[in-house]
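Q: In case you want the letters, here they are:
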Amino acid sequence: MKLYQIIGILILLTVGMSSCEEIIELDLSNSEPRLVIEAAVDAESGAGIVSLTKSNGFYDPISLELVTGATVTITQADGTEIAFGSLADGIYIGTGIVAEEGDVLSILVVDSEGNEYKANSTTPHSVSIDSLELIELERGGGSFGGGDEEKLYQVFTHWQDKAGTESFYRVRATVNDTLKTNVYTLADDLLEEGEAMSRPFFDIFEGGDTVEIQLLSIDKPTYIYYDNLSSIQGFGSSTPFNPKNNFDNNALGYFGVFRLDTETVILPE
Amino acid sequence: MSKYLKSLLFLMLPFAAFSQENYTISGYMRDGSTGEELLYATVVVKETGSGATTNLYGFYSITLPAGKYTVQYSYIGMQAQEMVVDLKADLKKDVELTSGATDLNEIVIEGEKDDENITNTEVSVVTLDVKDAKLIPVLLGEQDILKTLQLMPGVSSNSEGSSGFFVRGGDADQNLILLDEAPVYNASHLLGFFSVFNSDALKDVKLYKGGMPAEYGGRVSSVMDVRMKNGNMKEWNVSGGLGLISSRLTVEGPIQKDKGSIIVSGRRTYADVLAKPFLEDGFSDADLYFYDFNLKANYKIGEKDRIYLSGYLGRDVFGTDNFGFNWGNTTGTLRWNHLFSDKLFSNTTLVYSDYDYGFKVQAGNNGISLSSGIYDYNLKQDYNYYLNPNNTLSFGWLVNYHRLKPSTFTIGEEEAEEDETQDEQKALEGGFYISNEQKFSDKLTINYGVRLSTFSNVGEYTEKVYNEFDDVISSTTYGSGEIYNSYYGLEPRVNATYLLNNSSSLKASYNRNYQYLHLLSNSTSGTPTDLWIASSPLVKPQIANQVALGYFRNFNNNTYEFSAETYYKNLENQVDFEDGGSGVNNLDLESDIVFGKGRTYGLEVFLKKKKGDFTGWISYTLAKSERQFEAINDGSWFSARQDRTHDISIVGVYQLSPKWSLSASFVYYTGDAVTFPIGKYFIDGGLVNLYGDRNADRMPNYHRLDLGATYIVKDNDKFYSDLSFSIYNIYNQRNAYQINFALDDTGATQATKLSLFGIVPSITWNFNF
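Line order of the protein sequences matches chains A and B.
Going by the numbering used here, the first sequence opens with residue 1, and the numbers climb by one from there.
Going by the numbering used here, the second sequence opens with residue 270, and the numbers climb by one from there.
Among the clues, some could well be false.
Claimed, not checked - Here are the computed lysine-lysine pairs in the DSSO-like style, where the Cα-Cα straight-line distance is at most 30 Å: (1) B:Lys-866 to A:Lys-244; (2) A:Lys-244 to B:Lys-1022; (3) B:Lys-629 to A:Lys-180; (4) B:Lys-708 to B:Lys-361; (5) B:Lys-987 to B:Lys-928; (6) B:Lys-879 to A:Lys-54; (7) A:Lys-220 to B:Lys-528; (8) B:Lys-569 to B:Lys-629; (9) B:Lys-400 to B:Lys-878; (10) A:Lys-180 to B:Lys-866; (11) B:Lys-987 to B:Lys-503; (12) B:Lys-337 to B:Lys-362; (13) B:Lys-949 to A:Lys-180; (14) B:Lys-400 to A:Lys-220; (15) B:Lys-879 to A:Lys-220; (16) B:Lys-475 to B:Lys-879; (17) A:Lys-118 to B:Lys-337; (18) A:Lys-244 to A:Lys-118; (19) A:Lys-54 to B:Lys-949; (20) B:Lys-361 to B:Lys-629; (21) B:Lys-674 to A:Lys-220; (22) B:Lys-629 to A:Lys-151; (23) B:Lys-712 to B:Lys-649; (24) A:Lys-244 to B:Lys-949; (25) B:Lys-361 to A:Lys-244; (26) B:Lys-649 to B:Lys-361; (27) A:Lys-162 to B:Lys-1022.
Since the hints were derived computationally from the structure, they do not count as laboratory data.
Just so it is clear, the structure is predicted and the values come from calculations on it, not from any experiment.
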C-alpha cells in the first residue's frame, strides 16, 4: 500500500459516514489514437516479444486495436540486426538475441504508414532467488479482506544483490498460471547495496494457490517506467501524468531487456 | 545605545522638527475588563488631526509641540474615550477602553473613529476579530480562523473542509504563518480539516495579502500574523466548550493583578471514540485524534520592561496495529519588551519552532518507518521609533537557524537499523530591515522601507550534481559548520495612501519578497508528508514582485465599508516535483525537482456592513494564476491548481433578539484546474489512463450554504453560556472532492466522483465564568 493510499483510507475514516461516491459523466476530450509498444527481451533465452496496440478514448469500449503490418528490428551491441516475425495480429517475436550484461540493445518499430519509433535498453546483470518465505496472516484482527475459509499468505522473496553495481528489480507473480496485473513490487539496491534483499509481493494469496514468483533484474529506465505506472494507478491523490518512457515519436509503452529467475510454491491449505 | 540610535536616525531624517519644544504622550491601550492590550488601536489628536496606532504590544507614542490638546482613544467594538491634556512635559497615559460601562471622568463618544480602513496605509490586508468570527457557521461546530479568512477576497481554501489556504494564486507554502512570532510549518490537523489555531487562545489575526511591512520576510505570497491572548490581568476566568468532535478548556488569570497574567488553553478531539462503532474490525483499535495546548504568561518587571513567554504544542495521532502515523508542531517564544524612552520601543524575541512527522507500517516481522522534521532557532529584535507625529520608524534584525531533516527511512526486521536516506540540511537565514511611515500632507501618507535578507547553507552536506538522466555525475562534501553557498535579497516595500475625502481613499503598494524554504508536495490535497527543503546551489530562492492598487470607501457614517483592489504578482524560481517525483525514500531528491515561474493577477471586491442588527459581507474575486515549467506541457503556461476564476463568499449575521443570533454563509467558486484522462490503453496486462496536458481540465464548480444560530442560555456577571448550532451544507450539495477514473464491475471505464461532506449538523455548548 502506498503512503497516499493509507492517507486516503484515513480521510475516509475521518469523514466516516458522510462521504459518498457516485458515478458521473464527464465531457472528456479525446486524443488521437497513439501507438502503444510493449517490447521486452529476455536476455537469458534470447527471445524478444513485442506487442503493438493503439490507445482509444476514455469512454470507448475496452477493445484492443491490434496494429498489424509493422516491422520490428532489434540491433544488438555488436551491430547485428534481428528482424522480428509476426506471431499473431499485433504480436511480433524474435529469437537468438545475444545480450551480455551491459550491452545496449536498440529497437526500431516502423508502422505500415512508415512512422518510425526507436528506443534503447541496457542489459542488466543476472539474478537468482535464494528462497521464498511464506507468512500466514492472522485472521480477524488484521485489516485484510478475504473469505473466512482459506488461509491467507504473504510471500516474501529473498535474494542476494550484486555488489558494485546499481541494481533494479521487479517481483512478479502468477497465481494458478495467471499473471497478477496492476501490482508493481519494485526494489532498488540504494540502501542495500551488495546485501541480502527481501521484499513481500504487494498482494496476498490464498491457501491452495500455486504461486510462481518471478524475480526480474531490469534497467533503470524500465524501473522508473514501472514506478511511474504504479504511482498513477494508486489512490489518485497525486497529480496524474503519463509515465516517463524510452520511446521517441510520442509512442506509449516501453522497451526493456531483463533477466529473471522463477520459483514456484503451493500454499498450504 | 539609544542615544547613538537617535543621532543616527536624526542624521538620516533632516526633516525632523527641532524648532519647538516637543513633548511625548505615550502608553498602552488595554481592554478594561481583561487588561488585554489592544493591538492596532487608534489614537487621534483632534486639533492637529495627527494620530498613531498601537503596535503589536499595545504601545503608542505621539510627539507634539507644547500646548492643549484633545486626544481620542478608540478601538473597534469599544467605546472611545476623549481626554484633554495640557502638554507641558512628557506624559505617560495608559488607557483602558470598555465595551459597555463608562468611566465618569471621561467623555465617551461612540464609534467615531471607524474609518481606520480608509486612512491607514495598509493595502491588501485582512484583519479578523476573533470574537466576530465565532458567529459564522462552521463544519462540526469547530471554530477556525483560517476558515473565516477563506471567506475574504483573495483568500481561497485548499479543498473541501480544509483549513489550508491560497493567497492571490500563490502556493500553500508561500504563506508565512506566525503564532506569537514563531513560524508554524503545518497549520493543519486531521489532514487539513481543522487548523492548529484554537480560537479560545487567540487575540488578533492579521493577514497581509500584499504590501507586507518590511519587518516580515521569508515567504512570497502572504503573512498571517496570529497573536495569542496575554491572559486576564484582572481576575481568574474559565471558559470552554463541548462539541461533537472536540472539547476545549481555557483558564486565565492574573499572576499578580495588573502586573502579570497567565493563560492555558487546551483542546482535544475524540473522533476515535465516536467513530469506533462504525469502523471495520481491523480498525476497531485505531487511534484517531489530535490535541492542542497553548500557554502564555507575561510579567511586567517595571515601568519599562515586560517579559512574555508563550508556547504551542499540538499533535495528531493515527494508528492501528499495522501502521501508525503522527505529526505535530511545537513552538516556543520568549519576548522582552523594553522602552528605551517614551519614543523608542523595542522587542527582543527568541523563538523555537519545530514540525515533524513519523510514519510506520508493520507487516509480520518486517517494517518500514520514516520520519522527517524541520527545526528553527530564531533570535530577533524589532524597534519602533516614534520620531515625530509625521514619522514613525521601524527597524530590526533577525537570525534564524534552520535544521531540515528530510525523511529518515528505516527498513528491515523489527526496525533493526536506521538508514538516513538524505543529508540533513542546515541553513542560516538573516534579515535586516528599516521602514518609515511618513505623513507628507493631510492627504498623503507613505510607508516605505527595505529589507535585506540573507541565506547561507551550512555544512556538513554533500552537494550532488545530476545529469539529464538524474544520475549523480559529481559530488562535493562540505565540512561541519562550513558555509558553502549564500544568497542575498534586497526587498523594497512601499505602501501609499492618498485620501480623496473624509470617506474614501486610494492606496497603492509594491513589495518584493524572497523565500528560501520550499515545500515539495506530490499530492493535491496537502498531506503531512509534504517535504520542506532549503534553498541550495541548485534550488534558487523564490522571488515575488507584487503591485496592488486599491480604492476604499465608507458609506452611511461608516456603516458600510467598500473596497476594490487589483493586483499583479510575478513569481520566480518556483519549484515542483517532476512527474512521479516523491520525497519519500528519495536519496537524490534534488534531481526530481523542476524549476519554473508563475504569474497571478486579479480583482477583489469587498462590501461589508459593520453596524446594526444585521451585519455581514460580500466578497468577490476574479483572478488568474498560471505557472510555467520547461518540463511540463512542453513549456507552455498552464493554470495552477488553485486558479479559480470566480470566488464568491457571502456572510450574514442577524441579531434577532438579545438571546438569539442567526448566521449564514454561502460560497461559490470555479472548480480547480486538474488533469483528466483523454484516452486509455493496455500495458503489462493492465488498463492505463492516457492523461492530457497538466491542469487542462476543471473540477465541477463548488457551492455550499451553511446556517448557524447561537442562543445565549445565561449571561450574568458570574456565568455565561451559549448553545451554538450549525448546519454545514444545508442543501446537501455533493461537491466533488476528487474524481477517480477506473474500471467498473463490467469492465467498462467510468469516472467516479467522491464527495466528502453532505449535510452535517452540529451543536456546541460554550461557557465562561
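Q: Each of the hints needs a verdict: does it hold here or not?
A: Right, here's what the structure says about each hint:
no. : hint                    : in the structure
1   : B:Lys-866 to A:Lys-244  : holds (23 Å)
2   : A:Lys-244 to B:Lys-1022 : holds (27 Å)
3   : B:Lys-629 to A:Lys-180  : holds (27 Å)
4   : B:Lys-708 to B:Lys-361  : holds (24 Å)
5   : B:Lys-987 to B:Lys-928  : holds (17 Å)
6   : B:Lys-879 to A:Lys-54   : violated (63 Å)
7   : A:Lys-220 to B:Lys-528  : violated (68 Å)
8   : B:Lys-569 to B:Lys-629  : violated (47 Å)
9   : B:Lys-400 to B:Lys-878  : holds (16 Å)
10  : A:Lys-180 to B:Lys-866  : violated (42 Å)
11  : B:Lys-987 to B:Lys-503  : holds (14 Å)
12  : B:Lys-337 to B:Lys-362  : holds (15 Å)
13  : B:Lys-949 to A:Lys-180  : holds (20 Å)
14  : B:Lys-400 to A:Lys-220  : violated (58 Å)
15  : B:Lys-879 to A:Lys-220  : violated (63 Å)
16  : B:Lys-475 to B:Lys-879  : holds (18 Å)
17  : A:Lys-118 to B:Lys-337  : violated (90 Å)
18  : A:Lys-244 to A:Lys-118  : holds (15 Å)
19  : A:Lys-54 to B:Lys-949   : holds (9 Å)
20  : B:Lys-361 to B:Lys-629  : violated (59 Å)
21  : B:Lys-674 to A:Lys-220  : holds (27 Å)
22  : B:Lys-629 to A:Lys-151  : holds (26 Å)
23  : B:Lys-712 to B:Lys-649  : violated (34 Å)
24  : A:Lys-244 to B:Lys-949  : holds (16 Å)
25  : B:Lys-361 to A:Lys-244  : violated (70 Å)
26  : B:Lys-649 to B:Lys-361  : holds (27 Å)
27  : A:Lys-162 to B:Lys-1022 : violated (46 Å)
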